[in-house]
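Residue strings, one per chain:
Protein chains: 2
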Amino acid sequence: SHKVASNPEELTGALSTAQPGDTIIMANGEWKDADLLVEGTGTKDSMIVVMAEEAGKVILTGNSTLRVAGEYLVVSGLYFRDGHTLTSEVISFKKDKNTLANYCRITQCTIEDYSNPERHESDYWVGMYGKNNRFDHNALVGKGNKGVTMAVRLNNKESQDNHHLIDHNYFGPRPNLGSNGGETLRIGTSHYSLTSSNTKVVNNYFDRCNGEHEIISNKSGGNLFKGNTFYECVGTLTFRHGNDNIAESNAFYGNRMPNTGGIRVINKRQKVFNNYGYGLTGHWFRGALVVMNGVPNSPINRYHQVDGAEIFNNTFVDCDYVQLCAGSDEERSAVPINSVIRDNVFWNTEKQDVFTVYDDISGIEFTNNYISPTIKNIIDRGFSPIKGELKKDGNIYRLDGGKGAGLMADFEAVSKDKAGPSWYLKPGKKEAFDYGQEKVVKEGADLYDEIAHSKAGDILVLEPGDYLLTKVIELDHPISIVSSGGATIKFEKSNLFAIENGGSLKLKGITIDGAEAPDYAGNAVIRTSRYSMNKNYQLWIEDCEFKDLDVNHSFHVLDVYKNTFADSIMIKDSNFTDVSGSILALDKENEDRGIYNAEYVVLENSTFNNIGQPIMKLYRGGSDESTFGPILTIADCDFEKVGFGPKNDSNKAMVLHGVQKANIENTTFSDTKELNIFHTVGEPVTVIESVVIDDRSLLQISDNTATIHNLKEAK
Amino acid sequence: SHKVASNPEELTGALSTAQPGDTIIMANGEWKDADLLVEGTGTKDSMIVVMAEEAGKVILTGNSTLRVAGEYLVVSGLYFRDGHTLTSEVISFKKDKNTLANYCRITQCTIEDYSNPERHESDYWVGMYGKNNRFDHNALVGKGNKGVTMAVRLNNKESQDNHHLIDHNYFGPRPNLGSNGGETLRIGTSHYSLTSSNTKVVNNYFDRCNGEHEIISNKSGGNLFKGNTFYECVGTLTFRHGNDNIAESNAFYGNRMPNTGGIRVINKRQKVFNNYGYGLTGHWFRGALVVMNGVPNSPINRYHQVDGAEIFNNTFVDCDYVQLCAGSDEERSAVPINSVIRDNVFWNTEKQDVFTVYDDISGIEFTNNYISPTIKNIIDRGFSPIKGELKKDGNIYRLDGGKGAGLMADFEAVSKDKAGPSWYLKPGKKEAFDYGQEKVVKEGADLYDEIAHSKAGDILVLEPGDYLLTKVIELDHPISIVSSGGATIKFEKSNLFAIENGGSLKLKGITIDGAEAPDYAGNAVIRTSRYSMNKNYQLWIEDCEFKDLDVNHSFHVLDVYKNTFADSIMIKDSNFTDVSGSILALDKENEDRGIYNAEYVVLENSTFNNIGQPIMKLYRGGSDESTFGPILTIADCDFEKVGFGPKNDSNKAMVLHGVQKANIENTTFSDTKELNIFHTVGEPVTVIESVVIDDRSLLQISDNTATIHNLKEAK
Ligand SMILES: [Ca+2]
Ligand SMILES: [Ca+2]
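Residue numbers (the working numbering), protein chains in the order written: chain A, 1 to 715; chain B, 716 to 1430.
Treat the hints as calculated values from the structure; they're not laboratory data.
Treat each hint with caution, since some may be false.
Taking lysine to aspartate or glutamate and the DMTMM-like style, the derived pairs with C-alpha atoms no more than 20 Å apart in a straight line are [as the list claims (entries may be wrong)]:
| # | chain 1 | residue 1 | chain 2 | residue 2 |
| --- | --- | --- | --- | --- |
| 1 | A | K588 | A | D548 |
| 2 | A | K97 | B | D1181 |
| 3 | B | K983 | B | D959 |
| 4 | B | K809 | B | E745 |
| 5 | B | K1221 | B | D1265 |
| 6 | B | K1287 | B | D1258 |
| 7 | B | K812 | A | D353 |
| 8 | B | K812 | A | E492 |
| 9 | B | K1303 | A | E30 |
| 10 | B | K810 | A | E492 |
| 11 | A | K588 | B | D1258 |
| 12 | B | K1221 | B | E1306 |
| 13 | A | K647 | B | E1306 |
| 14 | B | K1157 | B | D1132 |
| 15 | A | K95 | B | D1161 |
| 16 | A | K647 | B | D1095 |
| 17 | A | K376 | A | D353 |
| 18 | A | K647 | B | E1340 |
| 19 | B | K1362 | A | D694 |
| 20 | B | K759 | B | D851 |
| 21 | B | K1303 | A | E463 |
| 22 | A | K32 | B | E833 |
| 23 | A | K588 | B | E833 |
| 24 | B | K1205 | A | D96 |
| 25 | B | K1362 | A | E492 |
| 26 | B | K1262 | B | D1307 |
| 27 | A | K97 | B | D1288 |
| 28 | B | K1303 | A | E118 |
| 29 | A | K439 | A | D400 |
| 30 | B | K747 | A | D592 |
| 31 | B | K809 | A | E463 |
| 32 | B | K812 | A | D513 |
| 33 | A | K95 | B | E1306 |
| 34 | B | K1303 | A | D519 |
Everything numeric in this text was worked out from a predicted model, so none of it was measured.
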């Protein structure tokens, strides 16, 4: 039969009498706070189908969720958006702990921007339980809060050795979480990792899945990853736990984007073959190909030794890092054994030291690999230089001629148009700023109102003159405020701008004067939301002047709050004078769980004069290794008189704690307190080049791993 | 003429053509986000009047504000509620810096619960500028965010020597802010404090104004405070800066409520006479009468020496503390001079040491004062014991007979019904819990829904059985959850309860089991809002059992967030077993500005077994002296095995930092890490009585001011 349901109660009613082969139609429209339970028993040949009246037009909003339990059920065409779950999962292949789904299928569904507003409150968008279920042709796009996007759970017998099929899904852009818990797909957990899952992950398209360094975290055995495409994904397909997994015929297009990676191998009998990497730039654990060291007699949640890995017929073009025995340290001392790396192709004309060997590689057999002549060899056998060029074959490069190396003839990874629901329009590229309308703001106009009425990407062009703000400007979309000179903004509240969730700010050619700010400690020209932001923001300051930020102590240029994250903060060609606080106070994630406040921070060609507290406090604490940043560049800057404010308890002029990459060059520090660089987790890279400082002793670095060239002492 | 305006534009229009003597009627109804500007020029005999159609029925909501500028204007009958200002003031006696109000009057208006949701974002509700203005018969009730409720500003010549009149206003309950910035009325600032204000504050009723320790912060000269009533106000009328001020005929009814105070004297030629104090319990700076020491050659913002104070004909009945030379320390070494304390009456039959003398009082002349025979004298002249009793005269006690001491015949302070707008119903007493409906919840019922549908003060009575919560319960009103036994609550999210703004929680007879909580670090049974709370909350736990809070590390009973404040947290007759985190993690105000997370904390007759991290982290940092708490009592408790969790980085079993009063009695600490008590600001009182501890060295106190009686070592 064929019934129509217009609300969750009608759906439950229809299901209660549904017979195998029945179809229940969910009426088009918004279903708000709908707690959908699709429970029933179909048969293999006569499944019970619950489908949208029109695919994509049944809109689940608010705190809606879907649970599927029983056998041979199909759910199709739902669109979750404008909300988030209050429970642990949006879509669950179970009713409760004891009532699971088997032989069920969810297809043609989309979950989009359905993130808990609380950035570090964790949930899954999809939790797979039971056995023999299929999740296909769905889209999961834009998860901004903690918790893997999709999890296959093995937490009881009924969910192990499950033979699920996950195919043709579109895993859309996932922004950088700046924390562990940003995986896009996880199969198993360390606890059950020696159990077989036997899940197939086939022909899925991973588009800019940048949550953390594990795009996929495999934590169980017997899984197949085949024909998937990873497009500009920051991170790797990681065989974190579990044995006997296969990565076959996957394509990793890094396109030279930072920190894009390939495959990371840990544990026993992993097979990695016929994969293609292009333009992968990630290093250390996020290389194009990473073979890890293990921990001897490792506990189940640490690193098991690589044993019996087979890595063959892969091709890596313009990929920067192949890491062998990665993570080698006192604890991770068990080198790979019984393994083979054969018939692979590595091509890179820009970079010579593509391979890094961190420990003894005698347990790996190398045969018939081909490398571009530019690449430095690491071992005297098993590698031959390629004569001539690679051959372009459609979207990929192959090694010419019958050498048996590189991609096999049958290589095919899914294309973007073959993945996801047929009805869903996938997101394209997005500019940060300046994609909206340009609008001239006359002197004396109410800038607060102008911005309140602006749209995302708009550009407000300020005519010369003074602008006094009596309210805090709250930005919930990207906006540019520019002037060709002579526009000065003053403000009466403790902040001029608040970057709220969804907001970003570009200032160009503006003078900011703090003289009218209230006489309290702790003002800031710009602050982030005091609430959690589940969207990352950008702050670009160019050709600006900041002055008189000293009506009271601790007056910052940018102050941020916990649970906020900047993709990039850029200060260029600007001058800062008389600031009683910090330029950038990025130190609010103080719980030492590897969380931090900004990924890329750039100060370029700018001057800083009389800054009371550290120019920058950039803090990442703890020992978690899941993330990439912060990444800092300071170039062509002048700092003068920094850190002498009476409330500068730190007594520092700059504090970098746990920064992963710091590059300080062509920069002068004159009359400053100490610059403090504290290396913690990961493999931090600090380069200091052509820097002038009053006294060498003012540069305090916690270890001797920094590269220092041409450091001059002024005194 | 007589015009009606229905929106701000019509009001502006009507005003633009208004003549002296005109009346403009504002139409009844809601005016949302109305930025009212009342600008015009009336004359002394023909003022321009802007009035509500019916007083109290023009409701200003959202982000509405009122500015008055010009001369001889009257605004009357407005009601601000359900919103807050985005600017620095709700009602301003100015248009902008250069356009002030003179001879203007605001009357019959109310601002109620119109607080910025951001607790520590500061604003004023009323800012008085210009000269000769009057603010009378208004009500200001319930300010919950930072910033004085009403400020008289002297920040330019046009606002000094202003002769304002502030009379017959109702200053309604202001909750404890737990920070500086909670004053109800401030006149001047330190910067202009040597300037005359000449403001009269007459016949106002201050009802439970408990924002901080200054009810009124006088910071200018020549002001008169006369005939005001202070009803159960926590704090004092403080002559903080400025000279030649008068406190006359005011009544302070403390009624034995904690920390209620009277008058604090600093600076030159202050007169304090004919005032009445009753049942004032505040000590140190918050005594019934406090005469401070000053700083020699004090900078303008520190403490000027008391010189020429006249304190006479005051009566203090059942008041606990009169403090002379208060604040005496190395910096504040200038004792009072040329001063007189005469003809006063001090009556207290319960407390002998009412007077505390901190330094040399030879600069004060004492004559003809009378004390109850029980009070210990501090000096051998100027004080006589009272024979017999005081005489009750209406609401006050007088000294019988013609001795010339105590209240004068003409003493009269305003009564509650004479203050405030005639139309406004003033708030009465309020219970914390249990004033709503009682409702029985059956086993298996959805507790989440039951609470979502409850009302403030309701009592949910749980039948015996198990209750599993799949969502976090968000409380935005007070609720009691009780059981006569056998009701167990488990939960699947990282929190069971979130106390949101306006919420409070009482648990009685309930078992809380953490076994189903997620396997992440940082769970908490109860947490506060992650956002700012501008309302204080209460948490009472009675006769409850908490167990299995150890699925992962740092699982707390209560975890709080910044910008949240508990009036009281009480744990009584309860047992806690296997908690991997803390019982109370009250340590989130880490910016050391004198802000903290809870005022009263009580643990009574309870046991705590196997607690991984400090039982309690109670933190107040910084040197600000504006507040009273935290105030802690631990009585009749047993602690066993505390602080041995692997992530207890503090290595402590308890951390009290900056707690103002700590009383620990009849309590056993067995197998624990260190108890750490750090005294910082104020005059902290720590009493440890009949406590058993493994080893004396485990009790770490930062100085030797604690009172320790009967401490036993178990080992
Ligand atoms: Ca991870
Ligand atoms: Ca104060």
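What hint numbers does the structure not satisfy?
Violated hints (numbers, rising): 1, 4, 5, 7, 9, 11, 12, 14, 16, 19, 21, 22, 25, 26, 27, 29, 30, 31, 33 and 34; every other hint is consistent with the structure.
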